[in-house]
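Participant: Dock chain B against chain S, hints included.
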Amino acid sequence: MFEEYIKGNSIIHRFDPRVKSIYALIFSVVIALQNNLGSTLLGLLTGILLIILARIRFIEIIKRIIVVNEFILLLWIVLPITYPGEKLFEIFNIEFSQQGILFTLILTIKANAIILILISLLATSSIFEIIHGLIHLRIPEKLVFLFFLIYRYSWVIFDEYERLVRAVKARGFRFTTSLHTYRTIAYLVGSLLVKSYNRAENFYRAMVCRGFTGRFWVLDHFQLSQIDILGIILLTIGNLVIILSKWKIRI
Amino acid sequence: MEDSYLIKLKGITFGYNEKSLLFNGLNFVLPEGGRVGITGPNGCGKTTLFNIIMGFVKPIGGIIEIAGEQIKTEKDFQGVRQITGFLFQNSDDQLFCPSVKEEVAFGSLNYRLPKDEVEKRVKESLEIVGLQGFEDRAPYHLSEGEKKKLAIATILAMKPRVLLLDEPTNELDESGVKSVIELLQSNNFTYVVISQDFNFLKETANIIYTIERGRLKEFILH
Numbered sequence: 010m011f012e013e014y015i016k017g018n019s020i021i022h023r024f025d026p027r028v029k030s031i032y033a034l035i036f037s038v039v040i041a042l043q044n045n046l047g048s049t050l051l052g053l054l055t056g057i058l059l060i061i062l063a064r065i066r067f068i069e070i071i072k073r074i075i076v077v078n079e080f081i082l083l084l085w086i087v088l089p090i091t092y093p094g095e096k097l098f099e100i101f102n103i104e105f106s107q108q109g110i111l112f113t114l115i116l117t118i119k120a121n122a123i124i125l126i127l128i129s130l131l132a133t134s135s136i137f138e139i140i141h142g143l144i145h146l147r148i149p150e151k152l153v154f155l156f157f158l159i160y161r162y163s164w165v166i167f168d169e170y171e172r173l174v175r176a177v178k179a180r181g182f183r184f185t186t187s188l189h190t191y192r193t194i195a196y197l198v199g200s201l202l203v204k205s206y207n208r209a210e211n212f213y214r215a216m217v218c219r220g221f222t223g224r225f226w227v228l229d230h231f232q233l234s235q236i237d238i239l240g241i242i243l244l245t246i247g248n249l250v251i252i253l254s255k256w257k258i259r260i
Numbered sequence: 004m005e006d007s008y009l010i011k012l013k014g015i016t017f018g019y020n021e022k023s024l025l026f027n028g029l030n031f032v033l034p035e036g037g038r039v040g041i042t043g044p045n046g047c048g049k050t051t052l053f054n055i056i057m058g059f060v061k062p063i064g065g066i067i068e069i070a071g072e073q074i075k076t077e078k079d080f081q082g083v084r085q086i087t088g089f090l091f092q093n094s095d096d097q098l099f100c101p102s103v104k105e106e107v108a109f110g111s112l113n114y115r116l117p118k119d120e121v122e123k124r125v126k127e128s129l130e131i132v133g134l135q136g137f138e139d140r141a142p143y144h145l146s147e148g149e150k151k152k153l154a155i156a157t158i159l160a161m162k163p164r165v166l167l168l169d170e171p172t173n174e175l176d177e178s179g180v181k182s183v184i185e186l187l188q189s190n191n192f193t194y195v196v197i198s199q200d201f202n203f204l205k206e207t208a209n210i211i212y213t214i215e216r217g218r219l220k221e222f223i224l225h
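Those sequence lines, one after another, are chains S and B. Residue numbering for the first sequence is 10 to 260, as defined by the working numbering. Residue numbering for the second sequence is 4 to 225, as defined by the working numbering.
By construction, these hints were calculated from the structure, which means they are not laboratory data. There may be inaccurate statements among the hints.
[Unchecked claim] Pair ranges (Cβ atoms, derived):
{"no.": "1", "chain 1": "B", "residue 1": "Glu215", "chain 2": "S", "residue 2": "Tyr160", "range": "42 to 48 Å"}
{"no.": "2", "chain 1": "S", "residue 1": "Ile246", "chain 2": "B", "residue 2": "Gln81", "range": "48 to 54 Å"}
{"no.": "3", "chain 1": "S", "residue 1": "Thr222", "chain 2": "B", "residue 2": "Val60", "range": "19 to 25 Å"}
[Claimed, not checked] Once the Cα atoms are required to be at most 30 Å apart in a straight line, the calculated DSS-like pairs of lysine-lysine come out as:
{"no.": "4", "chain 1": "S", "residue 1": "Lys151", "chain 2": "B", "residue 2": "Lys126"}
{"no.": "5", "chain 1": "B", "residue 1": "Lys61", "chain 2": "S", "residue 2": "Lys204"}
{"no.": "6", "chain 1": "S", "residue 1": "Lys151", "chain 2": "B", "residue 2": "Lys118"}
{"no.": "7", "chain 1": "B", "residue 1": "Lys123", "chain 2": "S", "residue 2": "Lys16"}
{"no.": "8", "chain 1": "S", "residue 1": "Lys151", "chain 2": "B", "residue 2": "Lys78"}
{"no.": "9", "chain 1": "S", "residue 1": "Lys16", "chain 2": "B", "residue 2": "Lys118"}
{"no.": "10", "chain 1": "S", "residue 1": "Lys16", "chain 2": "B", "residue 2": "Lys126"}
{"no.": "11", "chain 1": "B", "residue 1": "Lys123", "chain 2": "S", "residue 2": "Lys151"}
{"no.": "12", "chain 1": "B", "residue 1": "Lys61", "chain 2": "S", "residue 2": "Lys151"}
[Stated by the list, open to error] Examples of chain B residues toward chain S, derived with CB under 10 Å:
{"no.": "13", "residue": "Phe80"}
{"no.": "14", "residue": "Asp95"}
{"no.": "15", "residue": "Pro101"}
{"no.": "16", "residue": "Ser102"}
{"no.": "17", "residue": "Leu112"}
{"no.": "18", "residue": "Asp139"}
{"no.": "19", "residue": "Thr157"}
{"no.": "20", "residue": "Ile158"}
Please read these numbers as outputs of a predicted model, since none were measured by experiment. Just so it is clear, CB atoms sit at the ideal spot from N, CA and C, and this is done for glycine as well.
With the rest of the complex left out, here is chain B:
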């Protein structure tokens, strides 16, 4: 069963402690092909929102629907992770394999894709982010910008239906930011991107939200 939206959150309530709620009846809809930006002050819950979608933290209340299916159990979330590419804020948290090639292949190998297909995806993904020729390099010896590009390649190789990008430009220089903008503009991705960089959000998002008093509110750029 598929609907025209990929992600729908209804009345999400969540707090790290019982006294103060981070989300209080938060609603969110990401349609197929949607390009959504989220901004807001530190600690307002931007990354937590992604963690709820991926099933890493459980909301106190509310409904999570992904691609028309209501998501409740860990097994349901495994399905979500298969169609969702989650880019972490800190690339060092995301890269763990001994070589760039292995790193990009990791997800595809877990889903038991044939070797030829895995190698094709590795090549394609590295080309998209401009890391051709880096296959045998160790990820932990790359520069911060290169690590970020590699982290993007690792999720692109899984051909996800939706991307959750948490601060994709925070370790990149001007040309790196430009290449991420080009990457997002020139491909038909559905994504939610968290950033504090308004110029970046203006270039990449159709609609921008901020989190205020536990709910999403449309953010108007002046």
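Chain S on its own, in the form it takes in the complex:
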């Protein structure tokens, strides 16, 4: 899904996926817990810095960010007029509160900062590097492989869905707001569920055929290098700056 960023030789690409996975989580939690504009702006700055270090072109990132911000736009429509606080301005008798605008702005910056950090840290590793990293971090294997299988089979199910849609369109179907459309969509979803179930069954058989007994073994193992130590230091500093700025920066 974000696999176009996997290839690269930047410092971020060379970090151990375990380090990147842990810090992606830490950064996300730290930024999500900030409630002042200065700290969240620092989080956004960190995200931008990591994207630059990962040598990902901003034009590609902007397309992703626009999708995320489409959802945030809904918050901008609702929060400034419903959040209690001092009136900042008024349009057609609708009052916009200062606190509401500030709160929505902080949420917007947080969301964008987290998405930039996740792209720079997680999308620069292949899915199987992340999977291996998580296994080596002693995350329960069943959980890790559940995550992987969801990722893996979302492609297959999506392909299946596209095939079904092509099949109905080939027979003259058009999506409209009619009972026929709703019934057809229900058929599509039902068919997709049945196909998914069959695939899941076949997939389990394929695993059993090759000696699967509930444990996933990995072939290659990771080792921390000097560049990873450097990464740990830099990313820890980044987190500490965001946390400490809560007391030092007031905007």
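Facilitator: Positioned in the frame of chain S, the structure of chain B alone reads:
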């Protein structure tokens, strides 16, 4: 205890519902080194036959013997799966690992083979199917033909005594079909292959069966 045959089915009776039986006293013998082809119309039970051998569906009656041992319990079937390489009709059902290398290594790792041996088998199997250099690719991004070749490599890496190949050429182009024929002809495999492609079966099987009225019947090519 080993016998000269690898698979022996005696009087297999099976049906997905009680009213209509798919197999009614089906008998089948695969000798060591045997190359058997199975063809027949859709829904006649070709894949079900493989599923019975692998223990994925249980027959109503009959005896299954693999390598001289009668197979009854799930534990017995685990032993069968260790010596049997089952190629699925749809490669997407068979490939689930994040990389080609992991995919081929999966079976050998499950049987706790040493890392050196696993890597050797991965290399050898990928060479046999012509997928050298694909080790780090994601299986789900391969073409259908490449997926099929990879699925074959995954079972070859387990060094099975018998191969059950369900439509091994159905997603392959002409050169892909040719390479599967070469693969089967140039190696000393014991296998049962299901196919609708008579030319393919003529090239790869010593004897061809079709399923008629719930039983196997020798199919004579004219």
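Participant: Each of the hints needs a verdict: does it hold here or not?
Facilitator: Here is what the structure says about each hint:
no., hint, in the structure
1, Glu215(B) / Tyr160(S): 42 to 48 Å, "holds (45 Å)"
2, Ile246(S) / Gln81(B): 48 to 54 Å, "holds (52 Å)"
3, Thr222(S) / Val60(B): 19 to 25 Å, "holds (20 Å)"
4, Lys151(S) / Lys126(B), "holds (28 Å)"
5, Lys61(B) / Lys204(S), "holds (22 Å)"
6, Lys151(S) / Lys118(B), "holds (23 Å)"
7, Lys123(B) / Lys16(S), "holds (27 Å)"
8, Lys151(S) / Lys78(B), "holds (23 Å)"
9, Lys16(S) / Lys118(B), "holds (27 Å)"
10, Lys16(S) / Lys126(B), "holds (24 Å)"
11, Lys123(B) / Lys151(S), "holds (28 Å)"
12, Lys61(B) / Lys151(S), "holds (28 Å)"
13, Phe80, "holds (9 Å)"
14, Asp95, "holds (6 Å)"
15, Pro101, "holds (3 Å)"
16, Ser102, "holds (5 Å)"
17, Leu112, "holds (4 Å)"
18, Asp139, "holds (8 Å)"
19, Thr157, "holds (7 Å)"
20, Ile158, "holds (8 Å)"
Checked against the numbered hints above, the structure breaks none of them.
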